[in-house]
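Protein chains in written order, with the working numbering: chain A, 25 to 505; chain B, 4 to 333.
Among the clues, some could well be false.
[Claimed, not checked] If you anchor each label on the Cβ, the simulated ranges turn out as follows:
| no. | chain 1 | residue 1 | chain 2 | residue 2 | range |
| --- | --- | --- | --- | --- | --- |
| 1 | B | D148 | A | G60 | 31 to 37 Å |
| 2 | A | G404 | B | D231 | 38 to 44 Å |
| 3 | B | E149 | A | G173 | 34 to 40 Å |
| 4 | A | D193 | B | K192 | 55 to 61 Å |
| 5 | A | N413 | B | E149 | 30 to 36 Å |
| 6 | B | D231 | A | S385 | 35 to 41 Å |
| 7 | B | K109 | A | H275 | 29 to 35 Å |
| 8 | B | G333 | A | S102 | 51 to 57 Å |
| 9 | A | D193 | B | A136 | 36 to 42 Å |
[Said to hold, decoys possible] With a cut-off of at most 25 Å between alpha-carbon atoms, the simulated DSS-like pairs for lysine-lysine come out as follows:
| no. | chain 1 | residue 1 | chain 2 | residue 2 |
| --- | --- | --- | --- | --- |
| 10 | B | K192 | B | K317 |
| 11 | A | K194 | B | K109 |
| 12 | B | K108 | A | K30 |
| 13 | A | K194 | B | K162 |
| 14 | A | K262 | A | K367 |
These aren't lab readings, by the way, just hints derived from the structure by calculation. Even glycine gets a Cβ: it sits at the ideal position worked out from N, Cα and C.
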Amino acid sequence: MSNFNKHETIISAGIDIGTSTTKLIISRFSLRNVAGATHVPRIEITDKEILYKSPVFRTPLQDAVTINVRGVQEIIRSEYEKAGIQPAQIETGAVIITGETATKRNASEMLHQLSDEAGDFLVATAGPDLEGIIAAKGSGSYEESGKGGRVIANIDIGGGTANIAVFQDKQLLGTCTMHIGGRLIEFEQGKVRTISPPVERLLEEQGYTLQVGDPQDAAAVEFVTTYMAEAMARILKKEVHAQDHVLLLGHEPNWKQPVDTIVFSGGISECMYRHASDEEQVARYDDIGIQLAEALLRNQSLQIFEWQEPIETVRATVLGAGTQTTEISGATIQVAPHELPLKNIPIYQYDFEADLEAGLSNFENAVQQAVALYDSAKEGQNFALYLSNLPYLGFRDVQTLAKAIVQIMNQRPRPEQPVILVIQSDHAKVLGQTLAALKVKQSIICIDQINVETGDYIDIGKALTSGVVPVVVKTLTFHTT
Amino acid sequence: MNEELIQQITKMVVEKLEAASGGQTSQQSSNEQKVQLFSQEPIGHLAAERPQQSPSGAVTFHSTTNEAKPQRNIATIKPKPTTAYGKPKAETTTPTEDQLAEYRKKTPARIAVGRAGSRPKTKTWLQFRLDHAAAVDAVYGEVPDELLDRLGLFQVHSKVADKEEYIRRPDLGRKLSDEGKALIQERCKTSPVVQIVASNGLSAKAIEENLEDVYLSLEQSLNNLNIDMGTTFYVDKGRVAVMDDIGEVLKPDVVVMLIGERPGLVSAESLSAYLCYQPRHGTIEADRMVISNIHKGGIPPVEAGAYLGTVIQKILKYEASGVALVQKEG
């Protein structure tokens, strides 16, 4: 039985497997009932304490296109041991495969293996937009955007990609991802060792030649870093030139407001600000990272923005993944404990537009569309139905709604799967109980006060002592190349 | 007398009369200045004074006449804001309309509603009066019989004779009338696990708006949990502690009292659910517990009913309520 008055803690892990580095963070969240004694409880995360920060490891690779899964597992296992944590203790968190690593051949396979290794409720997630958002939360840009209405762009540059996320008043305005990173040209003993395909295309388009074996100080190398800084400034100003497309990964910048402040995070920002320079292991990566950082610092076009130093440089993403991805559901919910945790549940949003009758008349299409969207092969991929903008509901309205839900959920390709409902307003418990009273045969997972939309994926953790469930909302999965 | 002067004066008088009878504003010569001591235009943060989206019962105005705005010839000069020491005040940042809207969303309090001079705007003032009147109406209103019939509740009275006495004598509201005691003895199931009681308390409106949804949802919740329910009834002009009298007569394990809260200016229709494990004469207040703020703008009544079921389950498990329950729960 849920006890709302107890102070409760959960352990969260964040693991970031990037193009060049891998790091891990363990933190502890305190949960408390923040509602008054005479109110219905509301459980919130009231404190986040970082228990352990791993050193920055080189991401183990087997070859250019394969991640060394065993090597990654090895790092996680030994770091858990150093932190004094058993995988079973971890109740929430996120594994993020970022940058170019996500395009590696066995990325998806590795995520599944890691989920088993790293803890029962650890989310496997990736995607450039989400990466940028999480980095902005870890670097402090997100928090900062809540003060004083400035438009803040967080630019997280690692080995392979630059992930831009733009915020104002803690609202995401837009994202953009570019092929700008330290590891796009690598050196060995003063000579070029590798050149990544986007850089090769850029050099070709711009009429420069650079080959493996050329000296490190070739004019073409200088050109690449300078061009990247210039292109970054143009993208931030939304003046995308045709020749910049080669550096874009995915869509063009999609924010509308002009950017006021820029914050650099990620490995390149470490080269700028040297937050971790007192740590014993000083990274020597033998790539264009330092030159790129200098080019960005020197660039005149970037000087029109206000620059702000991040609170976390190279560990921004892992910090965001470990401490900023978990949300807590409403306290009055109805969940079937044996079905949890649930992972990677796609969301289908159904908007009632504050009119129950009109909403219900079209309700049947919702399931058909959700099935068409997520389970076109009818293989039984379940989904969560997100009910938003419900009007004020009386008891009889709830009955009508519950009956409609039962009816449409039975039209799924595999109707026996659990009925997963996410409700925007505070109605989860009564709806769950009404479904139970209707003696539905499926298990019911009915949670509320989480904001999601079609296209999101959620993970729902095991119910905690206070009866709430931790929820991790993911905005996108893999980027396709 | 100077003929010319007389002519001139007559002409001026006629002109004035003509102007007055024609309903036209008198034409003033261009070099004549109209003096106005006070500004006719509002000053201050105009952004803050834009009308907001009001809830139901909003009062709106529209002018019935077309008035030409008097032309001001003297510009009002706004004095520089000064501190007590006469120094100019430091520049403070004015919140934008977006920010004010954000603040308003966070609280039902009347913030950023603007002002007219040193007073609230008429609209704000009338809204305030309306809310105050609604609060008074809630206290003096009656629960419609039709609602009680629909839910199948019979009615008993406390020892209070009328509303005035109800307000002046809380002690009488805590006692069931003798007829009431006899009636519940006769009509109610004795020793039920859960006895639900409804009462208008200080807001009949709260019962009218929320009782049905809370009650039906609670009933469903208890059915799901297989918890036995007694015969529900309605106490007119009751206070929370009337449950002690009810406990003595019917001997239930748990009493749930759904009672109208003292109305305020934010909501006059807020309902509370008081719960107590085995209330009897001599029960102390620390053993009672409450889930308050049940209304449209607070916790939705249907959700409150569903939640109450699990609270009752917990009370039955620990055989305690209020502070004792928190202690037993550890």
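Outcome of the hint check:
A hinted range of 31 to 37 Å holds for the C-beta pair D148(B) and G60(A), which are about 35 Å apart. For G404(A) and D231(B), the Cβ-Cβ distance of about 41 Å falls inside the hinted range of 38 to 44 Å, so the restraint holds. For the pair E149(B) and G173(A), the supplied restraint of 34 to 40 Å is violated, since their beta-carbon distance comes to about 52 Å. Here the CB-CB span from D193(A) to K192(B) is close to 57 Å, well matched to the stated 55 to 61 Å.
Roughly 32 Å separates the CB atoms of N413(A) and E149(B), a value that falls within the hinted 30 to 36 Å. One distance hint, 35 to 41 Å for the beta-carbon pair D231(B) and S385(A), holds here, with the actual separation near 40 Å. A C-beta distance of roughly 34 Å is found between K109(B) and H275(A), which places it inside the suggested range of 29 to 35 Å. Separated by about 38 Å at the C-beta atoms, G333(B) and S102(A) break the suggested range of 51 to 57 Å.
For D193(A) paired with A136(B), a C-beta distance near 38 Å keeps the hint of 36 to 42 Å intact. Distance restraint check for K192(B) and K317(B): the Cα-Cα separation of roughly 23 Å lies within the 25 Å cut-off, and the hinted pair is therefore satisfied. Straight-line distance between C-alpha atoms of K194(A) and K109(B) comes to about 16 Å, which keeps the hinted pair within the 25 Å bound. Distance hint between K108(B) and K30(A) is unfulfilled; the C-alpha atoms sit about 30 Å from each other, more than 25 Å.
Under the criterion of a C-alpha separation no larger than 25 Å, the hint pairing K194(A) with K162(B) is inconsistent with the structure, at around 57 Å. As the CA atoms of K262(A) and K367(A) are separated by approximately 37 Å, the hinted pair breaks the 25 Å bound.
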